[in-house]
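Below, each chain spelled out in residue letters.
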Amino acid sequence: MNQPLSVSTLGAQAVDVDIRSVDLSYGTNHVLKGIDLHIRPGEFFAFLGPSGCGKTTLLRLIAGFNRADGGEVLVGGREVSHLPPWKRDVGMVFQSYALWPHMSVKRNVAFGLEERKVPRAEIERRVAAALELVGLAHLADRRPSQLSGGQQQRVAVARTIAIEPKVLLLDEPLSNLDAKMRVQVRRELRDLQQRLGLTTIFVTHDQEEANTICDRIAVMNDGAVQQVGSPMELYEKPANLFVASFLGTANIVPGRVIEEGGARLFEIDAGVRLPIPAHVTVLEGAKLVFRPQHASLGADGARDVSLPGTVLHSEFLGSTVRYGVKVGSAEVSIDVPFQSGEAIHKPGAAVEVGLSLNSAVWLAS
Amino acid sequence: MADATTAGRAHAPSGPFRHFMTSATPGQLALALAITVFLALFLIIPVGTVIYVAFTEKGTGTFTLVNFVDFARTDLFIRSFWNSVYVSAMSVVLASIFALPLAYITTRFDFRGAMLIQTLGFLPLIMPPFVGAVAMLLLFGRNGTVNLLLNDWFGFRIPFMEGLNGVIFVQAVHYFPFILINLSAALRNIDRAMEEAAQNLGCSGFRLFRRIVFPLAMPGYIAGASLVFVKVFDDLATPLLLNVKDMLAPQAYLRVTSIGIADPMGYVISVVLIVMSILAMWVSARAMRGKDYATVQRGGGGLARRQMRPWESVAAYAAVFLILLLVLAPHIGLLLLSFATIWSFSPLPDGFTLAHYGRVFGESFVYVKNTLIYASLAGLIDVVLGTAIAYLVLRTKLIGRQWLDWAATAALAIPGVVLGIGYLRTFYGVQLPDGTPLATLWIVIVLALAIRRLPYALRACYAALQQISVSLEEAAENLGATKVRTVRRIVLPLMAGGILAGFVTSFATAAVELSATLMLVQSNADAPLAYGLYVFMQSAAGRGPGAALGVIAVLLVALCTFASHLIIEKSQKAKGAGH
Amino acid sequence: MPRHYAAAAALIGAALFTGVAFAQTGKVTVVTSFSKDVTDPFKQAFEKAHPGVTLDVQNRNTNAGVKYLEETKANNQVDLFWASAPDAFEVLKGKGLLEAYKPKAEGIPDKIGSYPINDPAGFYSGFAASGYGIMWNERYAKANELPEPKDWQDLAKAVYFDHVAMAAPSRSGTTHLTIETILQGEGWEKGWRTLKEVSGNFRQITERSFGVPEAVNSGQVGFGIVIDFFAFSSQASGFPVKFVYPTVTTIVPANVAVVANAPNKAGAQAFVDYLISPAGQEVLLEPSIRRLPVNPAVYDKAPADYPNPFKDPSLGARVKFDVEVSEKRSNVVDVLYDQTVTFQLDALKAATKAIHDAEAALAKKDNAEARALVSEARDLVAAMPITAEQAASPEITGAFTGGKEKGARQAELEQQWSAFAKERYAQAQAKAEEVLKRAR
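Chains as they are written, first to last, in my numbering: chain A, 5 to 369; chain B, 185 to 763; chain C, 4 to 443.
Some hints could be false.
[Stated by the list, open to error] As a list, the in silico BS3-like pairs of lysine-lysine whose alpha-carbon atoms are at most 25 Å apart: (1) C:Lys30 - B:Lys553; (2) C:Lys30 - C:Lys193; (3) C:Lys51 - C:Lys304; (4) C:Lys76 - C:Lys304; (5) C:Lys323 - B:Lys553; (6) C:Lys193 - C:Lys331.
Calculated from the structure, these hints are not laboratory results.
So that you can see chain A by itself, here it is in the shape it has in the complex (with noise of 0.2 Å):
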């Protein structure tokens, strides 16, 4: 009876989404600058920033609230720029969820299949299956206000794939719910990505969130798209400071390159020096940069290179110990695995740090 919405179908009918060269000011201020982005088809794409880097701005600009000054938006390989939001089948989740107080869940959600002129039985079985797919069938007569948080933002995405887009746009869904909330309703949009195979844009601040349910991520910042790729090469090949230090946690030690006796050495300060592996260029003012996770203290002898430092503090994570320690004039941040009876060093305890090569590198802000 309750048919959820087909699958089949709309996984079929994803479309790309083509971001091309696309400018934008207010005023003075230059809030994106030449952005080519591709989306693919049926792909969890997230737009990943520090608040003001622009990703709203992008993300409302596909979804025809904001004008571009130049470039092009396509989707499924049509210009959509000129088109006015309500013509443009995106769907989007606002961070408010902006649902209408003076409607009941189900007038919510049949909002847009109204305002589309579908048949009233075609509405009805719509809105059934929407609000089924997202476990809210039993509150359909409820008004906005008597709903939790989590319950608000599933009915705001009911009522958003209700008129099944062509794209689906998440303006940072969970930034409203609770810690626990926020990683079940990821999992459940996830989930349900999955089972639409609709292209979706999310739009986060938060690493673990885009990390967690997208396929691959735009990093922004100031305007501009620092890098885009899945996850893991962010995190295992930053293209950037900025993109390393915005992906989890790094070390990002200043210095600066010499030769010596035909070997190049990145010396961070005066006697405190490594080697710089032959294949890697290192760029004027780039700066060394390492995981806490692949330095290590002590005489562990799998490491490449080892360099002096001195305890600051420590951390107890549980699994781990991290570890700030002072090397040369910088300090960085250590996890050493924690192994029952072990004994943790002291503040002022002078220790040797060793680095793996082939995980650090060498970036230019």
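Got chain A; can you put chains B and C on it based on the hints?
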């Protein structure tokens, strides 16, 4: 609740007062008592001394309801009643047609001149008595500018000002700012995401307004519409100036002021007016219950305004211009009249002159001074009372607090002349040490104005307080502020915009009020502008000078209004920047 | 304590002193319905003639003025009441709110036209006379091709339908006198017939006396039944209006009276004397005032075309105006007019229009039977619910004064009378329409 314990410890009440303490502090109780005494002294007792006649039997003076039976049996009154209901309802409809586009365009879109339009849209409320209707007749009457031209060019006339239609037209123009002001406030508070979500789902244009924006702004609209309904229902000046007598308020006035006739029906009608007004306010309060959506939400799209596309801009400017032209017609006519030599049966005056301004220039100074003093004092009293009543009603659990609200609101329905006579009756017997009666002091005019305009200020203060979250006050109390200090440091600053709006409405409308004033003005030296205007408008030679005085009154009030709008805008910007 | 006492004493002393000072400088407070155009010249002239005396003018319409004196009698602060309508003075006199005073002026006749100038009991004195007539807007008349009226009956002609205005007699003492003049001049039944035939042509019945000249001046209405000075002062202001006294009219005085318990009785009497003195009477000739002096000698100083009721016998002398009759039934006449005309104007106009149309049709193709029907229709319109005797009977007049005796309530009578008129207007309209139908 927390404050009750602290206060209880300090003052340790005992005996019969103890059970109040669960609901109010002694300070709140004292405040409620003070307001009750004020309202009793300056509203309930004076009005009571006049309208009790409605309940007495002819000859014996004993209590009876037979006069109300007479009311129901008299065709004229029943006809008047339904005419009043019809005119009020249609005025609300027409006023909405004026107000909706102005409010929508200026609040939801990025529209240059929005503040100017809001100010201009407020002007019709400041229509000085007599001259407004005279100007309207000169423009829209059977032989007014528009109809003379229509008749010359096309050979037909449009009966704008005939009978009930004329009353509806003039009343809608006069009172539509009530809807504009309240609706604009409500529209400003709607999160932009509410509209965008609908657009995203395929909704646009008028459907967007009808299905999403208007329902969300409903509380503001109802507040404004009910005010328009009640004001039109109770207004007697406009129908009388247009020679429409079969409406309730004019009937009451005609009967109350007939010389040599002692007829209770005028007071019976006054009672009916008061009951109807309270009923209308009650119905609107019921309709609003549960609809007060806090629509600005955390992390929403904010209140940013939409951009218009070029053709939309053109259409919007055209619509705004047309509406403003229509609703400002009385003022345009007034301006023409003030410069006119002779304006009689012609589309435009025969010639123009500055002589009228010359004539009133010397005399108007004392009127201007008096008007400023009276209206600002009245406005001040109104916002103090309005804030206090709003606070007691919304923030305390005092038994019967709602009655303060009802009583103050009932003032809306009391014909000015009834209040004027009541004041004379109540205060003329009270003498000052030198033998002058209390009622001859100008302060009595101020009190009458304050009582007449209290409902406006009260509604504004009420709305302002309603929008402030209780948690803000709780936070202050939690940090050690007493109730009084919390009110002073948190509540009042946050209410400032609403209080100022209330002050402006009270001030502006009090500045052109006549009906109560006319009874109470004791000498020319104490007279406000409206009275001076009335005196001029009683003679053929006084029409021009009267209009000039009217223009001065409008300019004066408009300047004050514009200044307050600037202040409101600034304070809102300051608040906006803070978050 | 002693200091407080001294301060209080000083305060009371100061209050007393200012009280005395007021008496010396002589502030004379006058409540008046006259406009600034009238009061300002008098104020200036009077203050010039009596240095140190100020005239404080409180402008109220006649009704509000009477109400005001009534409500404040317990502690009266007003010295003079100064207005047009004699009936307002009668009401005040009846309530004991006036004080008798005989002005010192000489050469004032007993009567102007057929109306006594002063109250026989001496409670109020006439200072200027005014007559009623028809005022019209020339531009309006020209544009609508309307002839100039000469008499009340002219206004009943079909051509004036929807072109005439008058103030309600219940609202305007002067209009009340016009009505009463017609009723006394033509008799109760014929008088009401004339009134209703004229009223059937009304465009509006205004609530203020000044509403009529205002409507005529601005051209909203063509013709108005007004008191002469409204027309004269409008002409003086430059409005394109004309005025005529009809044959049945009366010239009645505008009055001034000293209020009972006046705070400044001497000042009040001085003002009354001044008004009636030759100097005061001359002020009446000013273009913005244009009222008829009660001192015949002053007319020598008036412009040549100034109407002079003492010389021109057509002005008001034809009607013998009986003040007593007028007084007795004044409320009844007002309420009768309101209930059968003012509040039934639409029905009356519809009937009148139908009769006009029927008569126009008859003029083309006469028919005795139809003529009888029209005559019946006219009788129906003219019919009144009560006779002249009933109108003056205590059973009916008592209903309007709130008398202590039990009797008919005003509202009951009003409902009866309006129902009476409404029913007959509908019947009249039906008959006239019947004629029209047959004529086709």
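Consistency of the hints with the structure:
no.	hint	in the structure
1	C:Lys30 - B:Lys553	holds (23 Å)
2	C:Lys30 - C:Lys193	violated (50 Å)
3	C:Lys51 - C:Lys304	holds (21 Å)
4	C:Lys76 - C:Lys304	violated (41 Å)
5	C:Lys323 - B:Lys553	violated (52 Å)
6	C:Lys193 - C:Lys331	holds (20 Å)
When each numbered hint is compared with the structure, violations occur for hints 2, 4, 5.
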